[in-house]
Amino acid sequence: MIEIKNDYLDLSESQIFMLKNYKNCPSHKRFLVCLRLDDINDSNIMKCHICQQKQQFKSFINIEDLLQCDDKTIFESWPIYGQDQLQKKLVETIEWQYELKYKEIEQFFIDFETQVYDLLQAKKKDILKNLQQIDEIKQQPINFYNQISQKEKLKDIIKTQYGEQQKQNQMILDIIKENEINFESNQKQLEDFIQKSKQYNLNLASTQKIKDQVIALINKINATEIFEHQEIIEQSNDISSIIKLFQSLKKLKITQFKDLYKCSNFQNIEIDFSGQIIQLDKIKQISSALQKCQNIVCLALNLSGNNLQDQGAKKIVQAIEYFENIEDLTLNLQKNHIEAEGAKQIGIILQNFQKIVSLKLNFSENSIQVDGAKNIANAIGRYQHITNLTLNLYANNIQAEGAKQIAQAIQKCHKITHLNLDLDLNNIQIEGAKQIGYALQACQNIISLSLYLSANSIQVEGTKQIAKFLEKCSKIKDLTLNLSGNHIQSEGAKYIAQVFQKFQQNITKLDLNLYANNIQAEGVKQICQALEKCTNITNLTLDFSANNIHQEGAKQIALFLQKQQYIKNLTLHLYLNNIQQEGAKQIGQTLKYCQNLTNLILGFKGNQISEEYQKEILYQLQNNLKNIKELEIK
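1 is the number of the first residue of the sequence shown in full-length UniProt numbering; add one for each residue after it.
To be clear, the hints were calculated from the coordinates, so they are not data collected in a lab. Using N, Cα and C, we set each Cβ at its ideal position, and we do this for glycine too. One or more of the hints may lead you astray.
Label pairs and their in silico Cβ distance ranges [as the list claims (entries may be wrong)]: (1) Ile215 x Asn624: 48 to 54 Å; (2) Tyr438 x Thr598: 23 to 29 Å; (3) Glu178 x Lys129: 35 to 41 Å.
With the hints as constraints, model all of the structure from the sequences given.
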């Protein structure tokens, strides 16, 4: 036996075992280190490392590897040798880790389930919203019938005038006469409502087809075949198809920088870093992430309140400059101290997005001025396919010339159906209002218009120009018009009233803000009488605050409301108007005829109406309005 010297005390157990139990190589007197397995005629199977180096064995096993092996050990040249690729493939098979794969599969289906669930919830919400809109259309015939039949008024006459037969008869005769006068008109309107209600329905057939297709794809994920040879390739493709389908439809919302890496697999992305005072390096991070989104179709980027300035605006350009296929872009840069140069850089890059269908730009409370407005306008004027435009330039001092540039750009967008234009506090004056009017004249397909021109000194003449061209937008169904603080007076209100006389049957939603315009009672009368003919309005917001309308103005509002049985949502702001309790009473009493009301807000603050009396009106309305869900008196 060989004596173990101190020099070998650091050897492994297997090496010590060999030294204790085996003799050295007979040829070289060295430790035995391997088994030669490629020559059946060699009687000395165990070899030292010198033998191994000299003879270059085709097949061998290191003895130490053999003694330490387990069921995962693969020898380099035994029992198969000279087949490097086969050896490599064998090694790959033992690298399979069940637990990791198990977790991977679990996480995949958790993510998949979450994405599908979130998307289905969003789609369900959209469909239910459409259902509500269809229901409103379906209710129009019966609502109009209830209006022209005046059943509530007849019921009230029977209940309250039984002691005065002559007066009762006269009141009923007045209703009969009114019906005779309006008979043909009412008949035609009722037929139109019925015909319209038949045109709208909810058909789930296409949705059912999509559901069936998705289920069919999911069913292709075969649990018994997914790990069998070539099927795994087909299965992975099927799974990828499903994931890509849902990722393309689902919106990814990001509010933290650490999640930006997720962007690359989505076509619909919303990024909200508003009010975080982010540095330029963070803008670069956003840019880097978005540059990987080559297939992006819809992007909403909210960087409001970040003090980006013109330098930051240039970095935004780098983030979006590659999105030539984008169709829906929302860019919110409110309160960022951006001036004309920053707006110019963004305007130039926006010119490249020729596939834009929907654009929402918010530059409010910056200082882009006339030159900035001009560059933004240059981009908008190139969008031949745009149907939805929201442009917020609130408080940017663009003046009349800037308004002209914007207006001329909008005139070129003939396909616009939804326009939201906010030019509040821009000193556009009469000339700017006139230019906006020209733009409206060119947009004959608009069905939804929101126009904010408050505090622009447009006065009576500017109002006249707006109204003159607005009359020609005969397809408008949803109108928001804010002319507050423009000193339009009662004459300006008269021009606005003429617009409503033209709209009549089409408009269903109206938000009119004439705050602080000194329109007085006469202006209120003109508008209310015109609105009486708009018999399809279901959502109405009127702000006549600070207009000195007094009791007479309140009376005109009451007379108007008496005939509005079909309104569902009503907001009425009458602050600071010298209205006394009698005026509030008249309005409160007539609201009982609006039996379809579900939401009602009344603003009486700053008038001569006590809180106790307001509470009394509130109590009466709660008892009289059976369908009311939200009721508030301020």
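Outcome of the hint check:
no. : hint                        : in the structure
1   : Ile215 x Asn624: 48 to 54 Å : holds (51 Å)
2   : Tyr438 x Thr598: 23 to 29 Å : violated (39 Å)
3   : Glu178 x Lys129: 35 to 41 Å : holds (37 Å)
When held up to the earlier numbered hints, the structure conflicts with hint 2 and nothing else.
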